[in-house]
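Protein chains: 2
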Amino acid sequence: MPEFVRRIPDGDDRERLVCGTCGYVAYENPKVVVGSVVAAGTSVLMCRRAIEPRRGFWTLPAGYLELGETIEEGARREAREEACAEIALDGILAIFSLSRIGQVQIIFHARFAGPASMPSFGAGAESLEVDLFSWEKIPWNEIAFPSVQLSLNEWRRLGAAPLGMPAQNPALDPRGTTKPDAASPEGPL
Amino acid sequence: MPEFVRRIPDGDDRERLVCGTCGYVAYENPKVVVGSVVAAGTSVLMCRRAIEPRRGFWTLPAGYLELGETIEEGARREAREEACAEIALDGILAIFSLSRIGQVQIIFHARFAGPASMPSFGAGAESLEVDLFSWEKIPWNEIAFPSVQLSLNEWRRLGAAPLGMPAQNPALDPRGTTKPDAASPEGPL
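Residue numbers (the numbering used here), protein chains in the order written: chain A, 6 to 194; chain B, 6 to 194.
Isolated chain A (complex conformation) (with noise of 0.2 Å):
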């Protein structure tokens, strides 16, 4: 049984969970997911996700940056395995802080480490399929989250330009607050 209580522990000004036996603070913090919008030629690679939330939609390889890692790292990592990709990192496309749910988001602008005109990926084991999808192609009605379609946006809207002061948070959501309509994941974070 959890012995965790919330209190606010001496010298703070906010509720921590604290273990009821032995003090410890269990601090929560936001976490940070890495991902990427990795591009072969005109087409960007996205998984169908295996795993809920948000099972059988469609998402750009990311999730939650591990201790030990840098920021770079991580997003190679999930790239590997969630699509079995060795990718290469241009830059940082986009930040967003999702504040309702306790995340900041960094996603890369990248490419295939290999020759962009042999892309070597696959379905890793959170993934049903993952694939390369042209613009056109994208299936726009089953995305999983409103940040991946930010994200594929500030990709599409970049084009060939230099990568300069990462996208932010959309003006219609500053705080990331907004619970997505799960029938039209394309709104606001």
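Treat each hint with caution, since some may be false.
Stated by the list, open to error - Footprint (simulated), chain A over chain B, 3 or more residues, beta carbon under 8 Å:
1. 63–75
2. 101–114
3. 162–173
No lab work stands behind these hints: they were computed from the structure. Beta carbons are placed, not taken as given, at the ideal position from N, Cα and C, and that holds for glycine.
We have chain A already, so just place chain B on it with the hints.
Okay, now just chain B, sitting in the frame of chain A:
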């Protein structure tokens, strides 16, 4: 007594902190630190730390992002808490991965929210003193952390140019694994 043990939960691929009694998995992931180089004209705002680590040394207003905040909100809160300053953010100046200590630091380029000619600030609870320094007067020998120096360097390098791609880890320490020497903290991350 903490009941947590380190083991690999079912379906996972790395050790987690798991409650030996109830199986609760306390995922430990890197934490996000948000901070700012706050400029008033050609001077920057710095805080002398009242707490460990590096008590007595100078840092930027920065700290852990909390649940429910955007990265911008967190950076503004830290400036308020540590330097009693209301600030306005221009954009992201730098992003550092400190994989050695499980941090992702997001540093903003910022200014005082009020008139630049009358910057308002003071020592918050975690600061011994807070002051504005021209570049030459920055206490270079008493800087708390390498990333403070790197952020200041990047701010100086940028000058009046528009913000572009955020600076990232220095070439000397691409993974953020080098342990700084307490005697010369201006080294790698």
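field: Non-conforming hints, listed in increasing numerical order
entry: Violated hints: none at all, because every hint is consistent with the structure.
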